[in-house]
Amino acid sequence: GAGVSQSPSNKVTEKGKDVELRCDPISGHTALYWYRQSLGQGLEFLIYFQGNSAPDKSGLPSDRFSAERTGGSVSTLTIQRTQQEDSAVYLCASSLGHPGYTFGSGTRLTVV
Amino acid sequence: AQSVTQPDIHITVSEGASLELRCNYSYGATPYLFWYVQSPGQGLQLLLKYFSGDTLVQGIKGFEAEFKRSQSSFNLRKPSVHWSDAAEYFCAVGGERDDKIIFGKGTRLHILP
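Protein chains in written order, with the numbering used here: chain A, 1 to 112; chain B, 1 to 113.
Don't take each hint at face value.
[To be verified] Calculated pairs, DMTMM-like style, for lysine to aspartate or glutamate (alpha carbon to alpha carbon, straight line, at most 25 Å):
hint: 1; chain 1: A; residue 1: K57; chain 2: B; residue 2: E64
hint: 2; chain 1: A; residue 1: K11; chain 2: A; residue 2: E85
hint: 3; chain 1: B; residue 1: K105; chain 2: B; residue 2: D85
hint: 4; chain 1: B; residue 1: K49; chain 2: A; residue 2: D56
[Stated by the list, open to error] Some residues of chain A that are not near chain B, with every Cβ distance over 12 Å (derived):
hint: 5; residue: K15
hint: 6; residue: S27
hint: 7; residue: G28
hint: 8; residue: G40
hint: 9; residue: N52
hint: 10; residue: S62
hint: 11; residue: E68
hint: 12; residue: G71
hint: 13; residue: T102
hint: 14; residue: R108
No lab work stands behind these hints, which were simulated from the structure alone. Cβ atoms here follow ideal geometry from the backbone N, Cα and C, with glycine treated the same way.
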């Protein structure tokens with residue numbers, strides 16, 4: 001596609017439920033990244049996929065967070081047993097390779 | 001480990017005045033440096049980037065940034081701000097050995113009419 005597409009744009013969920021956030025990168029981009037943006041905290045790196053290499057999961061805050069990328073394209077970020085502190089904007093970005101990304105508009109997650 | 005510090009959480013300038021947003025980085029090798037802007041309710045847009053060569057980098061919307069290795073800085077400047085520049089600005093660092101980019105916490109720019 002023309003840009004990085006994320007869905008849903010907004011998600012409200014109850015504490016303890018699982019959520020899935022989707023990212024559709026720019027066609028042909030080999031690298032895909034997930035970040036979390038909390039109020040006043042800037043962007044926190046979560047996970048990075050590059051081609052067929054093992055993902056860099058060093059930023060995932062707990063084992064409740066996981067992500068996969070199918071067919072080298074679409075990625076899903078899953079948060080299990082959501083907590084209120086998971087409320088944030090989750091941003092996806094893609095690139096052809098370093099340096100410089102194109103970001104999606106994000107998914108605003110609210111845990112109530 | 002790589003890190004980025006943006007010392008100013010908020011900055012307020014008058015429309016038409018000059019602007020400088022500060023950014024200091026820590027990186028163990030040659031850095032790649034970036035400035036992104038995020039307008040309210042919008043995604044992040046790349047303003048400019050530095051990889052190598054000329055240390056003064058020109059970006060979109062009339063912004064420029066200067067890489068100073070001796071000071072580990074990459075400050076963003078604009079000679080005359082417009083009301084539409086009100087936004088949050090993020091400095092970021094990456095490099096050849098690190099495919100992920102690490103962001104600062106951002107500086108929110110307010111413009112006085």
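We went through each hint and held it up to the structure:
1. A:K57 to B:E64: Measuring from Cα to Cα gives roughly 34 Å; hence the hint is violated.
2. A:K11 to A:E85: holds (14 Å)
3. B:K105 to B:D85: holds (18 Å)
4. B:K49 to A:D56: OK: K49 of chain B and D56 of chain A at ~23 Å, within 25 Å.
5. K15: holds (26 Å)
6. S27: For S27 of chain A, whose nearest Cβ neighbour in chain B is about 18 Å away, the distance exceeds 12 Å, so it holds.
7. G28: G28 of chain A clear of chain B: closest Cβ-Cβ about 17 Å, beyond 12 Å.
8. G40: violated (7 Å)
9. N52: N52 of chain A is indeed farther than 12 Å from all Cβ atoms of chain B, at 14 Å.
10. S62: holds (19 Å)
11. E68: holds (18 Å)
12. G71: holds (20 Å)
13. T102: violated (8 Å)
14. R108: violated (10 Å)
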